[in-house]
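Peer 1: Each chain, letter by letter, is given below.
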Amino acid sequence: MNRKLPLGDKVLDAFVESRAAVSVLVVALGFACGTVLVLAVGRNPAGMYAGILQTLSGWDLTRGTWNARYIGEWIATSMPLVLCGLSMAFAARTGLFNIGAEGQYIAGLTAAQFVALLGPGIPGLHWALALAAAVAAGAAWGAIAGALKARFEVSEVVATIMLNYVAFFLSRWMTGLIPGANTYRTPDFPLTARLDDAFLRSITNGSRLNIGLWFTIGSVLVFWLLMERTRAGFALRATGFNREAARAAGISVRSATAASMAVSGAFAGLAGAVVALGSFSYGRVLGGLDNYGFDGIAVALVGGSTAFGTAAAGLLFGMLSSARPLMQSRGIPKEIALIISGLVVVFVSLRAAFKAAGDLMAARTAAAAASTGSENPEIEGGAA
Amino acid sequence: MNDDYAIEMIGITKAFPGVLANDRVSLRVRPNSIHALLGENGAGKSTLMSILFGMYRPDAGIVRVGGRDVTIRDPNDATALGIGMVHQHFKLVRAFTAAENVVLGAEPRTKDGSLDLATAEERVAALSERYGLDVDPRGRVESMSVGAQQRLEILKLLYRDADTLILDEPTAVLRPQEVDDLLGIMRRLKAEGKTIILITHKLREISETAERCTILRRGRVAGDVDVAAVTESDLAALMVGRNVDFSVRKGPANPGKVVLSVENLSVRDDKGVERVRDLSLDVRAGEILGIAGVDGNGQGELVEAIVGLRPAASGRILIGGTDATKATVRERILLGVGHVPEDRRKHGLIAEFRLDENLALKSFREEPYSNRFGFIDRKATAARASVLIERFDVRAGEGPATLAGSMSGGNQQKAILAREIDGAPALLVVSQPTRGLDVGAIEYVHERIVAERDAGRAVLLVSFELDEILALCDRIAAISRGAIAGIVDAADADERRIGAMMAGAADPGAPTAAAAKPAAAAKPAAAGRSAGSKKAPATEKSSGGSQSAKATRKANFTKNPSGGKRRKNAGNAGEER
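Chains as they are written, first to last, in numbering that gives the first Met the number 0: chain W, 0 to 383; chain S, 0 to 576.
Hints were generated in silico from the structure; no laboratory data involved.
Incorrect hints may appear among the rest.
Beta-carbon label-pair distances, calculated as ranges [stated by the list, open to error]:
#	chain 1	residue 1	chain 2	residue 2	range
1	W	Trp172	S	Ala94	40 to 50 Å
2	S	His88	W	Val156	22 to 32 Å
3	S	Ser25	W	Val156	33 to 43 Å
4	W	Val156	S	Lys345	20 to 30 Å
5	S	Lys90	W	Val345	52 to 62 Å
All C-beta atoms, glycine included, are put in the ideal place defined by N, C-alpha and C.
Excised from the complex, chain S in its bound form:
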């Protein structure tokens, strides 16, 4: 037992206020292996690894390294024990060369005590050579690609004689080719005798590299499996646990007149790249139109153009029959546009403002919240906030006076929904409304959106979760490379058909070749998506990305025993962040 494992974490429990992040979690990692730690966002992976790396102390549990009980007080202890971690956000000095970054804090010195840069570069070059990291010791970090920076981070750990390398979602920031390079490097590291703990929620990385996989779910170990003995869908099922019910009780839609009309719209991103191309669509009162697509296919720019945060390069946007193409955000709000933004912390709320101030963020100019002399009536805003808190079940410790930043993501989202719905918009534009929310909040948000539809509002829903689109929408438009590939009624839609359109197939309907080969196409999926989400110029890749994303999904869905559209998409969990 003692010599069998490089790392043993036994019965680790760690509680944070209100959350049991790790509940008697055990993890055993064999030396010279690649061990995956799989779980959805919030499953407790990061907490567990933070404990191993000394950033947190566990409330209970034992950590053993190489068979010895150890106490890891801080990352220095971890380093001394041969444990290194590559964080998602790199810790590099941009103005330094690779070699300078690597030796920083452990510099080789010449006899007179000055920095021995030549030796440093030599050692870095040797390490780079040995592990196939392809890092130029004299290259400056600021001129390196993200992939090279990541390899440099790995090199830093190797320089400090790390035996166990923790990689925290290493592929999230990489482009497709870089992902393949990285997986190759991981195998090489293993061949050279290193042990790797791979934190991920991408199934393909696990099946391609790892021997064992520990699955966490809601702070507990949901499984510890031999990767060779299971399928990706087994892993997905373990990760998600009981299938989340994404289905929403809703009656048939009663579409009324057109509220939003987008005509031949083109939109450019900040770099001037055209992200929405000649796109047209209509949304009617009393219906939910879903925009299905892989992240980075122009959804963000489309939404920003509709709500007025980004100018249209060409085309027209009509809201309630009025040409709003050149209207300001404010004018569009007055035309009846409500917006639940994708990034709620960036666009939705002001963290330093009280909840009542946030709820009044769009209405503070109006009676009764402010009078004609320009003064705000704080009683009125607080009173309205109390009503909305009650009606939308926003859990806020200090009621209207709660600082928005102190609230949980789900309650923040409820608050935003409350504000936008309270504005009684004619058009509700909703982007990724359930990202990062727990199951209860997801169901609540979905019910509210359907309720708004039934109240006669036009709803435009953008989501990267196909299940969410299928569950909520009355009509579904698939977006691919900034253009609508096709619009179908939800009644005629299934994953296969939408997936084919998301991949850029012009003709919806028959399953395409792409749909038929799930596993092969699976690999660029995750990376294509992350490249898109970073707003990298990923347009040319998005086709491959979307195709394979769909294919991955298909792989999971077809193998999932319960079938239908009733599970939270496991294979695609990577999208959530």
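Same shape as in the complex, but just chain W:
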């Protein structure tokens, strides 16, 4: 908007544009309800906030100690959430509902594990190849649904849900074929495939924080640049808002759809690699879903499907997840953190309802202002 502003203000602007103020309010409301709940079960809410503080800053008020590992764990936990949130958000901005981030995540995770175990053990190159393979696999998995939608008008919702199962069982079967794999794990990855980073590990006192951090930050920036600043993003956003008008303007809705799902899948695929090579030292034969893909839906929703909003929402959900054991150690039922996450999502949905109500009012006013003889304002508003 106002491009004379300093960078800090620009970032702030971006947040305001994503209705960040409302989001913060919604989150605060979630915590307020959580507090009431804690009181209701007869515990001291201070324990909850102490747990959260420890997650965010590393300060343990009970013992009066400081440990940076908590911060590292929080950020490491948030990374796949942010990436899967970006996946969901990217598709959403193009008017698509990608429920398949879970499947694309699995595709990426599986590809990363294969390259990690079978790829060339060259330091630096090995993990890079694994990440690239994961991104490609996630993109390909997303592109399948995108192509089905673009070519045959197959609902991406149905296609991605089904592809989640295909990805899951395909991953199990294929990973089981790796020499030395048993029913739940493969042999250890070579060290060259791990995303460990001595520097990040040292400043966070041995946490799981890894190179994935840079790729997560990079992904947020790529999302923002691609969506807000490029021709491709312009076409995708136009398609997302109004397919018909985009088509009439000469934008190929079909390729926008396929491309959007592919990019969406790429983010989820990267998330798979970050988890596989960052948090584990061996390949997993998946016994269940990691659920990062599904959590990404909530992350994108809370983040308003913008790059920075999604990043912030991912950090919030990561925080709640990391704080759970710390709260529990202070006598707070660990379900409280889950309830707060749930409440935040509910309130965000309510925000959408508030907005819809606002739009309805606006539409009524507009309809009445135009006072078109044939339009029934109430119905018009309802349709809008």
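Mind docking chain S on chain W? Use the hints.
Peer 2: Frame of chain W, contents of chain S only:
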């Protein structure tokens, strides 16, 4: 005075930001009568009825029902006062039966408190019988025709003991036979003691059913007349007020070489019905070719085929001599096709985009709006937007950053024109360019179109407003059932001749029999049109529809004192939506 009126609305004033929708409007409806509320789009009819039905509160004014002052806070209050409204868009549960829909919210119960469906069906059947509504209580809404759904809506009101029924443009969604049925039902309702307020802008419905008619114009009462004492053209004159000057100052055309050539084109609609049949026409640089016709005669499909939104079933489309029959929308834009679409909100603009983004919707791929690395230069798009806003007099509160959806229809249309003209097209395809616009915007849009012609562009203009066609075009092609019935020079054209061709007469020239009997043919006009606009398979009806549309028009024109082509077509106002 007190007992004389079923409904009295006195001095109603209602303002919305920037618009005085109702300005001291008074409406008095006698009990057991059919009272028409007539006015063009935007005249304030809907606002007034929304106030009566409790959806808006008036800023000033009194509402009396049965002689008592009342305050109607919401539709429940209105219902309690015996006022019911049938909206244009029905409020029915599609998966429910008629009876279930009717009793929904006021269900009869058995002794144990469960839904007494048998009683419900009985009551619905009895009401249906009494008022001749022909509604099957057990029929499901999803399998009902539009007309049956509308009768069901009426039945819902009767079930709730409504004495006064507000019908909001009830015939807009109906087919011709259904219109006649509905008018019959209205008379029956009146015979059974009900009072009906009919919102419409179709004159024939008024003259056939109503006793009194209140005419609104720009938020004010323009007249309150006894229908029997006036003619349809009197009503039209009251509705339109001063005759809108549709004439455009323009010099003679200098046609150049052929820019658009359509050869034996056939186009099918989404259902596979052939809507354009073996159609051929040429448009030359520096001329405006008008497509005159009643809505639903293939204009939409023709335009979509020309701009590339719909494939041609057969035939060829040449743009600037290049065969573009199979070209994509984008390729045609690059060949020089500009398109001002009929539905500007659906095809013309992205409401959630800023104005500068909308103005760049077709040019964002090009220098200087984006660079070779694929990045958009937002300074460049905003700067261009500022220039266009200035040049095309687009009123946008926040300049280039204004959200397109927040702009008025006229300014949206100006923005679309700006974008399309800024693309310097060789061919400008313009569909219904002034629909829903106010007089000032209409004149502006017309001037721009003529200016583009004078700049050497080929212009194809599709309009359902014959006056607009006559005022703007250099040559006029009448379309009927997907085929060109004839092409005449504007100099030789008059309403009669074009009208005859629109009705499907092959030979333009002599007035036909259809033109000679205005009133009789008037009735299917409106409905034929609305059926067409809903893309119902109305092909077989369109002949009757177009014939009578023209005839209605004629009725108004011949009686209008000022004559000529200087009025906004009153009798045809129904087309606007």
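Peer 1: Hint by hint, say whether it matches the structure.
Peer 2: Each hint tested on the structure:
1. For tryptophan 172/W paired with alanine 94/S, a C-beta distance near 43 Å keeps the hint of 40 to 50 Å intact.
2. For histidine 88/S paired with valine 156/W, a C-beta distance near 27 Å keeps the hint of 22 to 32 Å intact.
3. In this structure, serine 25/S and valine 156/W break the distance hint of 33 to 43 Å, their C-beta atoms being roughly 53 Å apart.
4. Separation of valine 156/W from lysine 345/S is about 24 Å and conforms to the stated range, judged on CB atoms against 20 to 30 Å.
5. Distance hint for lysine 90/S and valine 345/W: a CB-CB separation of about 28 Å, inconsistent with the stated range 52 to 62 Å.
Going down the numbered hints, you'll see the structure goes against 3, 5, while the others check out.
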